[in-house]
Amino acid sequence: MMQTVFARPRSLIEVPTHYCPGCTHGIIHRLIAEVLDELGVRERAAGVAPVGCAVLAYNYFNCDMYEASHGRAPAVATGAKRAHPELIVFTYQGDGDLASIGMGEIIHCANRGEKVTIVFVNNAIYGMTGGQMAPTTLPGQVATTCPFGRDVQQAGYPVRMVELLSGLRTPAFLARVSAHTPARVIEAKAVLRRAFQYQVDGTCFSMVEFLSTCPTNWGRTPIEACNWLEQHMIPYYPLGVFKTPEGPDRAPGPLEPFGEPLEARKPRGWSPSRAERPASAEPES
Amino acid sequence: MAKKLMKGSEAIGEAAVRAGCRLFFGYPITPQNEIPEYMSRRLPEVGGTFVQAESEVAASNMLYGAAGTGERVLTSSSSPGISLMMEGISYIAASELPVVIVNIMRGGPGLGGILPSQGDYFQATKGGGHGDYRCLVLAPWSVQEAADLVQDAFDLADFYRNPVLVLGDGLIGQMMEPVEFREDRKPCKPLPDQKPWAARGWKGDRPRAVINSLFLDPETLERHNQKLKAKYDQMTRDEVRYASYGMDQPYDVLLVAYGTVARVCRTAMDDLAAQGVRAALLRPITLFPFPYDAVREAAERARAVLCVELSCGQMLEDVQLAVQGRRPVHFYGRQGGMLASPEAVAEQVKALVAAAPTRARSTRAKNGEAR
Chain E
1 MMQTVFARPR SLIEVPTHYC PGCTHGIIHR LIAEVLDELG VRERAAGVAP VGCAVLAYNY
61 FNCDMYEASH GRAPAVATGA KRAHPELIVF TYQGDGDLAS IGMGEIIHCA NRGEKVTIVF
121 VNNAIYGMTG GQMAPTTLPG QVATTCPFGR DVQQAGYPVR MVELLSGLRT PAFLARVSAH
181 TPARVIEAKA VLRRAFQYQV DGTCFSMVEF LSTCPTNWGR TPIEACNWLE QHMIPYYPLG
241 VFKTPEGPDR APGPLEPFGE PLEARKPRGW SPSRAERPAS AEPES
Chain P
1001 MAKKLMKGSE AIGEAAVRAG CRLFFGYPIT PQNEIPEYMS RRLPEVGGTF VQAESEVAAS
1061 NMLYGAAGTG ERVLTSSSSP GISLMMEGIS YIAASELPVV IVNIMRGGPG LGGILPSQGD
1121 YFQATKGGGH GDYRCLVLAP WSVQEAADLV QDAFDLADFY RNPVLVLGDG LIGQMMEPVE
1181 FREDRKPCKP LPDQKPWAAR GWKGDRPRAV INSLFLDPET LERHNQKLKA KYDQMTRDEV
1241 RYASYGMDQP YDVLLVAYGT VARVCRTAMD DLAAQGVRAA LLRPITLFPF PYDAVREAAE
1301 RARAVLCVEL SCGQMLEDVQ LAVQGRRPVH FYGRQGGMLA SPEAVAEQVK ALVAAAPTRA
1361 RSTRAKNGEA R
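Top to bottom, those sequences are chains E and P.
Using my numbering, you'd call the opening residue of the first sequence number 1 and step up by one each time.
Using my numbering, you'd call the opening residue of the second sequence number 1001 and step up by one each time.
Just chain E, with the same shape it has in the complex:
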């Protein structure tokens, strides 16, 4: 008996995509589809496509889909999830969509702890519109609207979305992965599956940022693009799990705190387990 050991995921429609050769969108689409299949949630999934290169993603995922306006996918996802909490809702957004025009929507979606899964594809450039500077374009990186390279004096430094969202208190799963080598792809799938599992379990908001290549607008061959990602993007955008619902609050303390040092404000004899001290202990002054 012949046994099928490799097949197209049921969650992916069998059509050619419009993505450029060497682009990693295809890989990321497939990973999402495999996870939906493996978790058995395709029949209750609703995906939200963005404006950007993945604008036609609703033609590729074999489940109910939305096409959102630019940057608003997390708001659309919020509406769908609140209306039908049993839906497994995910967005698929690029860096212009999520980190620029949709910055407000992603922060508040995360901060409300909407139980949706955000797939954020960061290729450090606007792909669909032809290679303009993105909020994630690296310092010195050339784009059509920064022809001499990103000038941080003018444009500031690239936005690290996972780190930015990690400052929020609301429990969430935040991770950054990459799709530029087979080993990283396998790692990425495990993280993506974990992100969707949190939603299936009703645990928390989850976002996975994928570092991705854009050979067309970077002006590099696919292999050169993968090497460029490795050499330039990963040092600025480190890979890993940044926040988990089980983990501690990552809110940083002030670098230069105002007022007297915390130690000086504590009453003498103060200890963290104050509640456990006998009532006869000296009163607070």
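What the hints contain is simulated information worked out from the structure, not anything from laboratory work.
Since the model is a prediction, treat every value here as computed from it, not as a measurement.
Misleading hints may appear alongside valid ones.
To be verified - Not the full set, but computed from the structure, chain E residues with beta-carbon under 8 angstroms of chain P:
#1 E43
#2 A45
#3 M65
#4 T78
#5 L87
#6 G104
#7 E105
#8 H108
Unchecked claim - Sample of chain E residues at the chain P side, in silico, Cβ under 8 angstroms:
#9 D64
#10 G79
#11 V159
The beta carbon of each residue, even a glycine, is placed where N, CA and C say it ideally should be.
Given chain E, work out where chain P should sit, using these hints.
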């Protein structure tokens, strides 16, 4: 149910709940905050969900997401907030989603003021956001009518799969009047049993739901535009609503006004009648579709038409289109949150009667008389 004294904003919220709305997304803005406040208390009582969005832009896109699942959804805002919602409303109209939007208009442009205005008539009736689309627009003149129209709005939205805008002003939102919610209310349109287009998870038992407004192929987009146009034509044919007052006897001046301004005109009519001045009132209830035929027919019985608005003259243009130059069309408006008093309206009517030719058939349209 017995009549209950309710604030307009709360009656609007309660009407939505009674119409089966279980989802509200909105952002605070004066003078309509009582609607989200009411919904934040009321919806959890009926198993619904209230979400305070981070902005009106987000709220309108949450509406898009929730309406895409086929549920009845509501948002409310006031003029500057409605401008921000126009992105979502354009996508909602294009994607043919049923939603109800309440605009409690305040003075503008820009941040304007917080007092009643009718300055958003153009925005409401001529599209509002980008692209070739229309919202069905309902304009209540009392708290009771606001409650009734909000319930009808949900039926109309579902029937046409189109956004329906309830256009009130600060007075409608803030004043208290007796309201009755009838337990035996029937939907104003036949409603679909199912919503096979809704994104509720796809099990292969229907075509895959794609809530979308992108049509890159021009022929496909043109067909989509024409499909939407056919819907707006059907609304124009079937949904025109208006009320008329004082038309059972001859009159010299036809007043045209909507919303609370029409109530002021109604009072002015009574004052005028006591002074022997004959005026009638036509009150559009749907602003899109506009009651062009009714306005024209009523105007032809008068010597002159007076359009009264809390704006610099917006519905005026539709009144002129309706009258087609057959009678002089005049305008009286207040702006900025200032209100038109019955006395001021009566003075305008008396001035017209004094100035207008004595026989109706002698008047030929002169464009110069239009304002």
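Structure-based check of all given hints:
1. E43: Holds - the Cβ of E:E43 comes within 8 angstroms of chain P, reaching about 5 angstroms at its closest.
2. A45: Cβ of E:A45 sits 7 angstroms from chain P, so the hint holds.
3. M65: 5 angstroms, holds
4. T78: Nearest chain P Cβ about 5 angstroms off; hint holds.
5. L87: 6 angstroms, holds
6. G104: 6 angstroms, holds
7. E105: 5 angstroms, holds
8. H108: 4 angstroms, holds
9. D64: 4 angstroms, holds
10. G79: OK, holds: E:G79 within 8 angstroms of chain P, min 3 angstroms.
11. V159: With Cβ-Cβ at 18 angstroms, over 8 angstroms, it is violated.
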